[in-house]
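Asker: One-letter residues, chain by chain:
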Amino acid sequence: MKQKQSKGKTLVKIIGGVGLTLAAALSVQAAAAPKTMEEMWKIIQTQQKELEQLKAQQKNTEQRVEVTSEAVEQQAAQQTASSPSWADKTRLGGYGELHYNNLDSKNEMDFHRFVMFFGHEFSDRVRFFSELEVEHTGVEADGDPLAGEVELEQAFVEFDIAQQHTARAGLFLVPAGIINETHEPTTFYGVERNPVEANIIPTTWWEAGVGAAGELAPGWSYDLSLTSGLETSTTGSNAYKIRDGRQKVSNAKANDGALTGRIKWTGLPGVELAATAQYQSDLTQGTGAAGTSSSATLFETHAVLSRGPVGMRALYARWDLSGTGPAATGRDKQNGWYVEPSYKLASNVGVFARYNQWDNNAGSGSTSDAKIKQVDVGMNYWPHEDVVLKFDVQKQSGAANDDGFNLGVGYQF
Amino acid sequence: MSRWFCVLLMWMLVAPAVWARGVYQDPEDFISEVFSSKAPPPSLLHISEGEQKQIREILGHTLGAGRVRYWQHEDRTVWILEEIGKERPITVGLVVDRGRLELIKVLIFRESRGSEVRYPFFTDQFRGASLSEDGQLDRNIDGVSGATLSTRALTRLARLALYLHQQRGQADVTGQTSPR
Chain A
1 MKQKQSKGKT LVKIIGGVGL TLAAALSVQA AAAPKTMEEM WKIIQTQQKE
51 LEQLKAQQKN TEQRVEVTSE AVEQQAAQQT ASSPSWADKT RLGGYGELHY
101 NNLDSKNEMD FHRFVMFFGH EFSDRVRFFS ELEVEHTGVE ADGDPLAGEV
151 ELEQAFVEFD IAQQHTARAG LFLVPAGIIN ETHEPTTFYG VERNPVEANI
201 IPTTWWEAGV GAAGELAPGW SYDLSLTSGL ETSTTGSNAY KIRDGRQKVS
251 NAKANDGALT GRIKWTGLPG VELAATAQYQ SDLTQGTGAA GTSSSATLFE
301 THAVLSRGPV GMRALYARWD LSGTGPAATG RDKQNGWYVE PSYKLASNVG
351 VFARYNQWDN NAGSGSTSDA KIKQVDVGMN YWPHEDVVLK FDVQKQSGAA
401 NDDGFNLGVG YQF
Chain B
1 MSRWFCVLLM WMLVAPAVWA RGVYQDPEDF ISEVFSSKAP PPSLLHISEG
51 EQKQIREILG HTLGAGRVRY WQHEDRTVWI LEEIGKERPI TVGLVVDRGR
101 LELIKVLIFR ESRGSEVRYP FFTDQFRGAS LSEDGQLDRN IDGVSGATLS
151 TRALTRLARL ALYLHQQRGQ ADVTGQTSPR
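As given, the protein sequences belong to chains A and B, one line each in that order.
Note that the numbering used here gives residue 357 to position 357 of the first sequence, counting from 1, and the numbers run on in steps of one.
Note that the numbering used here gives residue 15 to position 15 of the second sequence, counting from 1, and the numbers run on in steps of one.
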């Protein structure tokens, strides 16, 4: 009984306590609540001011972060610009092409060229450029199975000598023709490089010496070079044949150099008109018998047109060799030309046709007609602007009959 | 031959040590010229992840920075952008007016070849160009022969400026810094 009375008193106490607490809370709330609309308005205004201050602080913080980030980026950029690392100043590139030739003369698969470019900037006005090439996958002493070549095709230092004028010294490509200097596989139609430039100019052709290049006026540019020259043999089936005269700057005889000049006009988009002349005082480098020595002059001119999907390339080149030696073999004149219309069916698909004609025995002393004619028809597909798949059919007539088709894949980076 | 070689070597040695190679207009002067000396303060466009993805489609790589500065008056914007042709960055000024390219100008050319792309006979092709739905320019640009990589670089920058012009205002913050 006493226990029941005690529990009842405790319950009353608890209820009383809760009631008092609630009453106190209600009384405080009643005291804090605005009594009028005016007070309510003041509170809203105060809160609005605080909100605006907070917004301003946030914006200010964002701007400070922006300024700081920008300063850090600028400092990093300035540091890179003022003291770039060796890696920043060194460039790597390359190109390559795999060919399948199914011709009367051969049925073979050949990784024709694997090329690496290395360049380095010594300073803002002095730089180095090189091109190292492995042809036909490699070299072996007996040529079996690797019958290729390892060739240094470019290695020169270039100097800025004035605004828009540079000079170079070293080993570089001769400024002649369309593809001698620009011959990455993605840049031309046809699996193989065209036979006219290969046999007449002769592409790919490099020499060592000094040169200068620059702009004369908007759209007009020039190249001048004084380099080593060709050395043709004076006897045998290849006597005075231009392509076989390339010394490739490999212990090259330098008794008689070559002076080359080119003028080029690119004053309209997609248009290039150019002419090259070269003079060499003795094509045999003094190895010919007395009275047979031959001075030689190359004249080459070409046009490249590209408007929308339509393209056209045309080139003419000829060599004139003096002396009794070349005249006796009919090689005192060697010439050729080609014309190549093309059309892009889409931005990454193009078709072309090319008519080539060349003659390395075009002189009066020739005992037979050595003129070769070749028609090429084919297409290029670029899955990427730096990758190309190629197909073409070739048909020869005249002094040669090497017909068939070619497939190729090429890349550059 | 040796005489000519010596002459050329001498020329190389005596040539001034520093040439203002390929600086055709200071970017700040370009901005000032576009706005007739009343250049607005620069704005910053923050590049989101999705936008970087689109920029990668255009340039073949993302932008180094997470934001791009531009100058705007009404619906006309000016962008100073850089892209490498073969080896070195080309600095280009671009003006976009209501979604169309008004002007593209090579300001600094650092490549050793292809500087012909700076001439109006080439850059005038971009005048009035806009972006098509697939993100390409609405017209063909004929390249300068022998300057293929520089032509590609300028075409990419034209597409980039038009794309950035479309994106501006979505997350930009007005900066307080002065133009470069």
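In case anyone wonders, no lab produced these hints; they're calculated from the structure.
Watch out, some of these pointers could steer you wrong.
In silico lysine-lysine, DSS-like type, Cα no more than 30 Å apart, as pairs [unchecked claim]: (1) B:38 to A:344; (2) B:105 to A:344; (3) B:105 to B:38; (4) A:395 to A:373; (5) B:105 to B:86; (6) A:248 to A:59; (7) B:105 to A:89; (8) A:373 to A:106; (9) A:106 to A:241; (10) A:89 to B:86; (11) A:333 to A:253; (12) A:248 to A:371; (13) B:105 to A:59; (14) A:241 to A:373; (15) A:333 to A:395; (16) B:53 to A:248; (17) A:395 to A:371; (18) A:395 to A:241; (19) B:86 to B:38; (20) A:89 to A:42; (21) A:59 to B:53; (22) A:89 to A:35; (23) A:89 to B:53; (24) A:241 to A:333.
Asker: Look at each hint and say if it fits the structure.
Answerer: Here is what the structure says about each hint:
As the CA atoms of residue 38 of chain B and residue 344 of chain A are separated by approximately 46 Å, the hinted pair breaks the 30 Å bound. Annotation: proposed proximity of residue 105 of chain B to residue 344 of chain A holds, straight-line Cα distance about 29 Å (limit 30 Å). A threshold of 30 Å between alpha carbons decides the hint, and for residue 105 of chain B with residue 38 of chain B the separation of about 19 Å falls inside it, so the pair holds. Taking the CA atoms of residue 395 of chain A and residue 373 of chain A, the gap is near 8 Å; set against the 30 Å cutoff, the hint holds.
The hinted pair formed by residue 105 of chain B and residue 86 of chain B meets the criterion: a straight-line CA distance of about 18 Å does not exceed 30 Å. Distance hint between residue 248 of chain A and residue 59 of chain A is unfulfilled; the C-alpha atoms sit about 67 Å from each other, more than 30 Å. At roughly 26 Å between alpha-carbon atoms, residue 105 of chain B and residue 89 of chain A fall within 30 Å of each other, so this suggested pair holds. A threshold of 30 Å between alpha carbons decides the hint, and for residue 373 of chain A with residue 106 of chain A the separation of about 19 Å falls inside it, so the pair holds.
Straight-line distance between C-alpha atoms of residue 106 of chain A and residue 241 of chain A comes to about 23 Å, which keeps the hinted pair within the 30 Å bound. Distance restraint check for residue 89 of chain A and residue 86 of chain B: the Cα-Cα separation of roughly 13 Å lies within the 30 Å cut-off, and the hinted pair is therefore satisfied. Straight-line distance between C-alpha atoms of residue 333 of chain A and residue 253 of chain A comes to about 23 Å, which keeps the hinted pair within the 30 Å bound. Pair hint residue 248 of chain A plus residue 371 of chain A holds up; C-alpha atoms about 27 Å apart against a cutoff of 30 Å.
Restraint check: the Cα-Cα separation between residue 105 of chain B and residue 59 of chain A comes to about 35 Å, which exceeds 30 Å; the hinted pair is violated. For the proposed pair residue 241 of chain A and residue 373 of chain A, the alpha carbon gap of about 18 Å is at most 30 Å, so the pair holds. For a cut-off of 30 Å, the pair hint linking residue 333 of chain A to residue 395 of chain A stands: about 25 Å separates their Cα positions. A C-alpha spacing of about 47 Å is found between residue 53 of chain B and residue 248 of chain A, which places the hinted pair above 30 Å, so the restraint is violated.
Pair hint residue 395 of chain A plus residue 371 of chain A holds up; C-alpha atoms about 14 Å apart against a cutoff of 30 Å. For the hint linking residue 395 of chain A to residue 241 of chain A, the alpha-carbon distance of about 23 Å falls within 30 Å, and the restraint holds. At most 30 Å may separate the alpha-carbon atoms for a hinted pair to count; residue 86 of chain B and residue 38 of chain B exceed this at roughly 35 Å. Restraint check for residue 89 of chain A and residue 42 of chain A: not satisfied, since their Cα atoms lie roughly 66 Å apart, outside the 30 Å limit.
About 28 Å separates the Cα atoms of residue 59 of chain A and residue 53 of chain B, which keeps this hinted pair within 30 Å; it holds. For the hint linking residue 89 of chain A to residue 35 of chain A, the alpha-carbon distance of about 76 Å lies beyond 30 Å, and the restraint is violated. The suggested pairing of residue 89 of chain A with residue 53 of chain B holds, with an alpha-carbon distance near 28 Å, which does not exceed 30 Å. For the proposed pair residue 241 of chain A and residue 333 of chain A, the alpha carbon gap of about 10 Å is at most 30 Å, so the pair holds.
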